[in-house]
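Participant: The chain contents come next:
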Amino acid sequence: MDAFILQVLNGLDKGGAYALIALGLTLVFGTLGVVNFAHGAIFMLGAFCAVVVKKALTLERVVLDPTELTAWGTPMEIRTHYLEEWLGDFGTLLIDFSVPVSILLAIPIMLILGVAMERGLIRHFYKRPHADQILVTFGLAIVIQEIVKAQFGANPIPQPAPDMFSGSADIGVLLGFAKNAVVYPWWRIIYLIFAAIILASVFAFLQFTTFGMVVRAGMADRETVGLLGIDIDRKFTIVFGLAAVVAGVAGVMYTPILSPDYHMGMDFLVLSFVVVVVGGMGSLGGAVAAGFLLGILQSFASMNEVKSLLPGIDQVIIYLIAVVVLLVRPRGLMGRKGVMED
Amino acid sequence: MNWLNITKKDRNLLIGFIIAVLLGPLIMEPIGGGYPDLLQKFAIFGIFAIGFNILFGLTGYLSFGHAAFLGIGSYTAVWSFKLFTMNVIPAIIFATLLGGAFALIIGFIALRRSGIYFSILTLAFAQMSYNLAYSVLTPITNGETGLQLRLEDARVVDGLFGVERGAGLPTTELFGLAMSGWSGYYFCGFLLVVMFFISLRIFRSPFGLMLRAVKSNQHRLSYTGLNTRPYTLAAFVISGMYAGLAGGLLAATDPLAGAERMQWTASGEVVLMTILGGAGTLLGPIIGSAVIKYFENIFSSFNEGILLDAFSFFPESIQHAVAAFIGLFVGEGWHLTLGLLFMLIVIFLPGGLMEGVTRIKKLFRASKSSPSTQKDQPLEES
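Residue numbers (my numbering), protein chains in the order written: chain A, 64 to 405; chain B, 2 to 383.
Keep in mind the hints are simulated off the structure, nothing from the lab.
For every residue, glycine included, the Cβ atom is placed at its ideal position computed from N, Cα and C.
One or more of the hints may lead you astray.
What follows is a list of derived Cβ distance ranges for each label pair [to be verified]:
id : chain 1 : residue 1 : chain 2 : residue 2 : range
1  : B       : 106       : A       : 287       : 53 to 59 Å
2  : A       : 217       : B       : 350       : 28 to 34 Å
3  : A       : 241       : B       : 84        : 16 to 22 Å
4  : A       : 233       : B       : 106       : 45 to 51 Å
5  : A       : 143       : B       : 350       : 42 to 48 Å
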């Protein structure tokens, strides 16, 4: 039982990332009808926002101290962070919390980027075939990825979680299991809560605001909404920006779990597409449900007992499920009838 | 000359093509591409792209998993070298057949859907093969290291014919002809011509017409009571066999097979080749693959020193800035150029280079004759 809970928990944090990326993908597809292969690149850019912020916060001043010598006989270098010098303990705290702080930077950047992408590129592809949309966004993803690679190198750049969350929580004790039976890192708990908050607020935004109402109406029947005198294109542009923000902050918060490198976007993108397909193209609830479901299934498949039974299953389980779902129920688990069924 | 059963125009095209392949080294010499390794790549990826074009160009089904068949072809060929003989003929036959067999299985499932679902299904299958090749299938694929020849390989057939086991690793051969260098190029070139001819016949056949009908309107076609799936499946299997052959040739010219050949970026590359040249045209994919392989080779060989030399006529500060900027796009950054090219082509020239040629031709003709005699010509491939 405790092993079961542990696997569920392990699956949840991956599932959270899948769900957040898939949510943006399906939102863009549902509103704009565009298949965006560059969405994973946005997730990756979000992660690199954290890298940039961390670098900026830890700018150092190097002073040579001639009175003390190192073992090599050269003057000792004394490095101090500017931030600590200026702000004292608060500066230290800021550096420690660089990952959450990065969100403040990531939100505006991702919003601008998303809107620019939609206005500058995607807009011209509404009327083109899906194949063209896939190809152009695929090209864009390569471009973004290569720029990041040129700037930050090909190696993963580890981002530590804040000190107070760096340990693990013994969740098992809370649930009445033996000590150390179910141990789960604090940061992953934070990530789960964070993912839940983001998901809830996106849903609330779409469900309870006038703006969200218009967007939902536009998803159902774009033309009629346009005829009512609403500038639906403009709203959809903002939706695209919103999707970019969701993917971006998901990327920021994921950095302590997975050190960002330039191809993490592509890795997550392929899986997120599968998630969207399983959940149902254009269905928000489906994307979230399928994201968590696939994350958990993947973590079960990587258990040793399962692997010895079916070798290699952990590598292919997600794709297998996608194949089965597409063949048996092409509109996905929660897809609307008639949307992209052929 | 009618035994080939083709029109005069096609015959001229074919003859021109054969001459171009024969003179390949001479044509490429002045622009620094006249060496066998590169020309072999032209021919091999030309075959790959022609095959992909039969699926994508004719039926419009965008497969994002064709590199899987390429990888399967390579593995098969290397296994044939290891188990049977260093002769390339059995290797490429096995590679083609196995590529086709896998295409049959994957196509049978994936073709139940169309549009982006088809793309995602093929992508899923390719990723599955890639992941499996890296993990559980390590006994067959040798995982990350890649499959290589070894001294202690069985090579049963070679053993039967009493081929001497040398001290070093054996090399691939075609009845004594080495498969590296120029003989390798002409072998690949010969197959390229054959494959080009087959694709020409498919384009001109009723079967090809049917595939094009699938592309223009599959619904309408099925309303006439016709089952389109056998046709699309046939196209998928044929293109899978082309990919298997190309993979086999890659292994024949350099007996190595690694899983990275199956990665989805590799699938993206063949899509790019086809689109760059012009999807649905006969020559387009070959031109596209040649252009990409050529620039990949040229661009990736640039480094900072060469760039600084090239811009030495600028004052020093500008020289460094320009070299640094250009350096983003060449050498290691070649993929960036590729991505940009990809976007530009899809945005501005969806018909690829062949459409560009047609447009220029049209301009040329329009300036000669008065506009009133101009008719809207349907885009014929040539």
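Participant: Cβ-Cβ distance between residue 143 of chain A and residue 350 of chain B: within 42 to 48 Å?
Facilitator: This hint is violated: roughly 55 Å between Cβ atoms.
Participant: Are residue 106 of chain B and residue 287 of chain A spaced within 53 to 59 Å by their CB atoms?
Facilitator: Violated, at about 45 Å.
Participant: For the range 16 to 22 Å, tell me whether the beta carbons of residue 241 of chain A and residue 84 of chain B fit it or not.
Facilitator: violated (53 Å)
Participant: Against the range 45 to 51 Å, how does the distance between the Cβ atoms of residue 233 of chain A and residue 106 of chain B compare: consistent or not?
Facilitator: Holds - the Cβ-Cβ distance for residue 233 of chain A and residue 106 of chain B, about 48 Å, lies within 45 to 51 Å.
Participant: Given a hinted range of 28 to 34 Å, is it respected by the beta-carbon distance of residue 217 of chain A and residue 350 of chain B?
Facilitator: Given about 32 Å between the Cβ atoms, the range holds.
Hint compliance for this structure: hints 1, 3 and 5 are broken, all remaining hints hold.
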